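Chemist: Each chain sits in its own coordinate frame; assemble them with the hints.
Each chain, letter by letter, is given below.
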Amino acid sequence: MKGVAISFDVLFSCVFLLMFLSIYASSFYVPPRFEGEYYHSYKVASDALMILKKTRIYDVQEDPTIQFYMNNGDITPDDMNRTLVDLIGTFWSENRTEDARNVTRSILEQLMPNSISYGVYMGGDVIHERNLSFPSRLAKSSLMVSGYMVGKPTRGFMARAWLQRVRGNETFLLPISPAGSGFGAFYFQGGDFTLEKTFEIPSDAENISSQLDLSVHEERGYIHIYMNDILQASIYSTSTYYGTVNINDVRPGMNVLKIVLERPLFYHSHTHPGMVLKVTYSHEKNLSYAEEREVFERQELPHVIGSPAVWMIYPFDIPKGSQVNSAKLHFEGAGVNRWMEIWVNDHLVYSSSSPPSDPVLNLDIKDYLHLSGNSSTGETNILAIYLDMESTRDRYVTGARGTAEILNSSYVELNYTKPEPVRYYGRITATRLIPFDQLDGQDAALIKKMYFDWTDFPILSSYLHIVQKYSWKVAAAAWHDPEGEPNWNGTDWDKYQIFKSPTGRSVPSSMYIPVERFSTDTRNYVKARDFDGSSSNLVLPDSFVSVNFLVPAQVGYGDVFPNRTAAEQDAIQRLNETVRGYVEGGEIETQTTEIVNVPTMWGLTEMEVRVW
Amino acid sequence: MVRKGILFSSMALLAIIPIILILHHYPILVREKRSLEVEEMIFDQLNFFEKNVEEDLDRILFISARRALIAVTNNVIINGTPIDDAPSIIKELVRNGAFQGETEPLMEENNIEYWYEEIREMGELIGFNLTLYDMGLEVNLSNNSMVNFEIFTRINATDLLNVHAISRDSSHELNVSIEGLEDPTYPLNTYGLVKRIIYICDFDPRARREANGTLSSGSVKGITVVANASEADLIPDKSSKILVTHNASEVSNVNQFLGVVAETNDTFGITIPYLVGAVGAMTSVTPGEERYLDSATKSLWDLTGIERMLTEKCYFPSRDGPDFFQRLEGNLFSSPYGIESFVDLVELSSNDVTLKPNQSVVDHEYFSEESIYGYRVRGVDESWFRLSVESARRYGVEELLE
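Line order of the protein sequences matches chains A and B. For the first sequence, the working numbering assigns the number 1 to the initial residue and increments by one for each residue that follows. For the second sequence, the working numbering assigns the number 1001 to the initial residue and increments by one for each residue that follows.
Pulled out of the complex, with its shape left as it was, chain B reads as follows (with noise of 0.2 Å):
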């Protein structure tokens, strides 16, 4: 019986030693288990905070970035002063805010180093030390219209307990455009009267030869009407109108059009201007838009783009121009991101502006302190505008020059 009692005995602890060491080790296991979590969360959040910043970094850049744009612009317009170095000064305006050592109040709470200190104080509140390092900005252009900011860091990230830790060397980059900014050239050379905004053409404005021909007489301007002789007689208009057709004797009241563009050589009977020998023209010539016959050249030019230009102010790229750096340094010498835009004589003289004779109205040279003669462009109704043969060769214009 004792024995058996033993036997029994003997089982029950073995069977409940699993049971003892299980409910010894739990504990433990639990205990590690929960301290894997909250190591994970610990670090999540903290691998969190370090991309946040970097993140907040991408933007912090870009509105530091376009601020300081309009910063040192507006300097350099209410001092009416160049700057030495204009992305050098960009590049301080960015990182502290100030304009050649002095606050710039456009980046104040704007800038870089602000927002070094503004974030590391948040991180404090959430329970993270962040050190940012500024290990170099870079700004360039990038194209005519693209200012690129390229900002390098280390980010170091811990727990306030020193345990787990972050640290990231990144850079940053992005493009601000100049579109929307002010061109510093116009008031720089206008006493401040004259303003102009900077936005890049969004058309070409090279003329273009349409048609050419081998026979013209008289110059004309009007919009075009591509129309066979039948149709011809029903256009409205014609005073106003180029009629572009295949065979300008064939048109019954040809003489009623402002001028016509034939594909043949024929010209009997054709009292108004006209262009013969055009062939393709009526696949070539655009419809309705307005264009020049030029007798001289024997050719239909489209010169719409420079109009244009001239009436919405627009910037065209040119290697021949300044770049956004030079125009904000008073430097009028080229650039291969330079741009240039044509100066409205109308605006200068209105706002008592003394005007330059004769002079080419491409800004640059407009504005040059040497004489850069310009020439007269037939097709253009402004008779103000002139160009000289260098622009006028970029513009396509060059056998358009009087």
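Bound-form chain A, shown alone (with noise of 0.2 Å):
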């Protein structure tokens, strides 16, 4: 008996070591089903995701809903090739959730085994579940993809624009620089002054408006203004006299511009720096621009008549760098009594105190001219003449008599070579007058200062006009940010100079501006200042900074989109924008081009299958 009961309690004992041992034993481990299921869950997720990863449409082509999608187009015969992945997430990208499910359902809803709960997502978005159960337990695969983003297109159009025919708004600007009579030949000695001027409208200009900013000394004495001999305006002037004419007889070709001051009852008549001729006008503009390298200029000068004696001054420019090949005035004049001075800026290149009275020259100039070696520094040239007058003096020579001209026969003749000719195609220009009341108000003053921006288009030339009522010299500086503004050294600005008088009055109504000394990052300034004369020398508000630049008539590539249509009108509507301003609505030719299959990197995106 001893030994059972020995042995029943070695059982009992080895029973309770065993209770123990299990319970230590399951303290140290999750129950295994647990585990094997997730990894099977995980394995399945995996798998789930391979067959929609490799599995091309050709490949499920049998499949109802697919070949419902086959026989709606939606699904060419292109897309054979195409995984599933791919399919699901061009629906998806498209916004077409339910396509995306159906195809994800018809294909896995085969494939999954029953028990199991699963889901397909895209980007977070459900595309199809098959809710079992609550997820007690949840595994996923993932797949990123790159091409998909709700509502955009997969493969999608492109399309560029540009103006085939255009008829656009154009600024001409016909600058009259200072001219008069000899000084000292009022009422009893002298007569009119006259100066016409030709020039050219294209022949099929329309909505011309032009208007001129006249700016001349008369003291007592009509002006008269004709446009191709129909008189425009008769103002009666005591002094110097600036302001506007609105001119309305400029016609497409050739026109003539005549002002004639009567002859004055005291001093003498002349112009003043500021007088411009501004004509606007619209006509079909060219698209493309392109210099010539190797440039033959020939300027006509204006018909000028004085009595008893007439002077000009007649600036004309050479883009900076060029390499100056010749220079060469011909000069025509009439009417000449006593004496005859001509200088290109400081040199005086021909004088005669015995000239024939209807003189004809040819000149070399070049020499004379701002150049650096044999390259135009950029400065605007000063032509001078005087007839009957000397240049020193402020008045008539003795013995001048009746009238004196300078024709339009007479032309400067240039020939130069530009470094870099400019040629933009797929371009129309324009002008922009930028006026010099920004910055100093509207006070007029000795010294004026304006500034401007300039951020978008390639500026082909530009122009400063100084408008006074008196004048001598005039010193002008541009510079932009951050170069610092230059100084006044009594004689010039310290830096940055683009124009100096070479003598007195010789302000002329254009000065090139070199197009390096503007920014397109920076403020732009320009400063100018009368010197060596008299305090009254002011310079007005009303003076201005003319830009010609061009302006886009193009646009390239811009947004992929679904179709066609909707990738030309946006490529049209940018075009819109881009030239609205310079253009007439409603002129606009355009034509645009397209790309097809545009891919575009949306995403990426993740694709996931968890099951449950």
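Derived by calculation from the structure, the hints in this document are not laboratory data. Note that the coordinates shown come from a computational prediction; the quantities given were computed from them, not determined experimentally. All C-beta atoms in this analysis are idealised placements derived from N, C-alpha and C, irrespective of residue type, glycine included.
Have a look at the derived ranges for each label pair, beta carbon to beta carbon:
hint, chain 1, residue 1, chain 2, residue 2, range
1, B, K1051, A, T522, 44 to 54 Å
2, A, N72, B, D1237, 38 to 48 Å
3, A, T55, B, I1235, 51 to 61 Å
4, B, S1368, A, E200, 32 to 42 Å
5, B, S1371, A, S353, 51 to 61 Å
6, A, R130, B, I1042, 18 to 28 Å
7, B, S1371, A, V256, 42 to 52 Å
8, B, S1368, A, N95, 44 to 54 Å
9, B, P1336, A, T522, 41 to 51 Å
10, B, S1349, A, P562, 28 to 38 Å
Computed list of lysine to aspartate or glutamate pairs in DMTMM-like fashion (alpha-carbon distance at most 25 Å, straight line):
hint, chain 1, residue 1, chain 2, residue 2
11, B, K1051, A, E606
12, A, K140, B, E1124
13, A, K43, B, E1054
14, A, K53, B, E1124
15, A, K140, B, E1054
16, A, K495, A, D481
17, A, K43, B, E1039
18, A, K53, B, E1118
19, A, K54, B, E1055
20, A, K53, B, D1058
Modeler: Below, the structure written as structure tokens:
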């Protein structure tokens, strides 16, 4: 009995020991069944994702849902090599979640075990779920794909557009630089002063409007303005006069502006800096712009008649850095009696105390231009002609009588080679006039400064147009931030000087500003002052800078759109926005071209299969 | 009794020890198995991730390559300035989305560098560290119409604890078609006023001599109809057709046709343009097609390829023409992968482009700075169509120059 009892004791002990060990062991692990199921679920999720990733539409073309989309044209023969992920992704990106769900369900429902719940998600959106139970455990497998985003076409159309024909606004400026009769040639000694200038407006110009900024000195006499021999205005002036006159009779083709300053009662008739004819019109613009490297240019002088003497300054410029091959002056005058001088800048290139009465001269003036070596410095050159008066004296020479004329058969002929000729295509030209009054306000001053910001289009050329009622000599500078403002050293601006009058009264109505003086990133400044003269030689706030520039007449490829029409409309809209303000609405003909099948790297997007 | 008890106890102990051992080791075994499964899952996911990155690289290479070709063309056309080294610029666009150092809007978020960063961040979210090394990018022409892109990468992927790691060098290659892109040659040489989309002709544009005879009179162009003498009379619209028959003199109303081609030499009673002695013409001539009967060469010519190339404005592979890269570079010299098209002078004229009189209309010859004389080609309707002798030889119409 004892043995049996001991055996029972041992057995009981062992049972207790086993129970202890079981409790001990169970404290170390989660039931193995859970791990196994998770692993199983993960494998199912991975396999499902792999099926979607690897299976091509061709492989499942018998599937009824796939056939449905083949029949309605959503799936074309070109799509047969695309994967199911690609198809589902495309539907999803096109916001066609229902179609994405149909395809996913149709493929996976046949393959997934009946007992499990699963879901397919793209970019966090539910594509398809089979929800049989609450997810107490969840396994997932994911795939990253580029090229899909909701609301964005996976492949689409891009378009660019350009103007094929365009009628655009053009601004034509005709600066008239100072000219006049001999000083002292008032009522009893003198006669009328007449200036005629011929200019051309394109033959297809329409909606022409023009205005003359009249800047003259006429002491008690009438100023008559003619356009093509039609009187535009007669203005009585008692002294200096600056104002605007509407000009109505500018027409397509050749035009002649004539200004007659009646014989004055006192002093002497002459024009002042700031006289500019501004003509605006619309015409069919060129859609390309190409300068020649080598330029031959003949600039005709105005026809000027003074009594008893006549003088005129005429500015001309050569782009900075151009190699000057030749510069010639052909001069023809009439009615000269006693005296004749021709200056180029501060060089006396011809003088005679007994000139022929109808002089004809051909002068080589190249050596007198603003040159550095053989290339132009860019500073405006001044041609000054005095007939029957001395340049250094304020009146006509003794013996002058009748009228003296500078004929418009006179011309300056230039031949130069540009360092970098501008060659743009798909652009149209435009002009902007920027007034001086932005910085200094409306006050006239001996020194005036203006600024402007320029961020948009390439500048072709730019000119400063100084307006003065009284003037002597002007020096001007142009700079941009962060260049420092130049200082006046008594004779010059110490840097960035773009013009300086060579002699008294040599203040032209336009001064060339080299393009490189302006920046498209920072603020630009222009400053001008009258010097060596009276303190009443003020620069008026009506002074302005004209900028000729190029506006793009085309836009490049833009966004990707799901169809050709949308891409074209976008391109045309972008083009209209670009040219708005420079061309007239309703007269634009555009062309577009498209590129198809442009892919885009939308995303990345995560495609997930979850199993629980 | 005690011995029996000890015996029973010993037996009970012996029976219980294996159970104790099993119970002791079971948790360890399960732990190890669980650990292996977890390891397998992590490694499986890491491997899947790395493969996924490689597969997506194929996709992004296609996207960025196609866009780079569009972007480079766009820039050349919009700026009106050819580029210096097309493959290098295309590489720059694919890699970092810049065109000559400036960000190119078409390539923003569509370049490899951007994708590298995106996929690295995505990897971190999933639980993997990813490092991608750009080991090189090659851009070459693989034929007349395809640009080949090949990218070499090293992908290092690890889990966040750096326990599992995969490092793999790989190269990915694809060909991207230039078809559908604009040819910069046209806008560059017409101030941007004329465009041309590149499509390779899906036919052979070269002329073919379909029949060659011994005697010919008059030249004419019309639709061919093959018939024997008895059938010929039943053919409608004879005046627009060139009859191909055995013996022209046997056809009763032969002179009602536009022209006739006959296998025999008999010309009795024929007043219309004819070609006779064309042995085998009834089998060699394709019926129902437009053909040109040329008396000077005593031949019937198929010029439809040239006509189609003109009207469809497609490109023909030619070792005498510049390839796509050269066209981007404004270079009109020849290339093994060259292509060429015919310039439509009517199109140029309607866009106010000044024409070059008597210049060959093959694009690289027409836009050449040199004067390359072009001869009229008999049988081609467009009076302005001219080819140089070399080009005419290429298109099989050397004998038709006039």
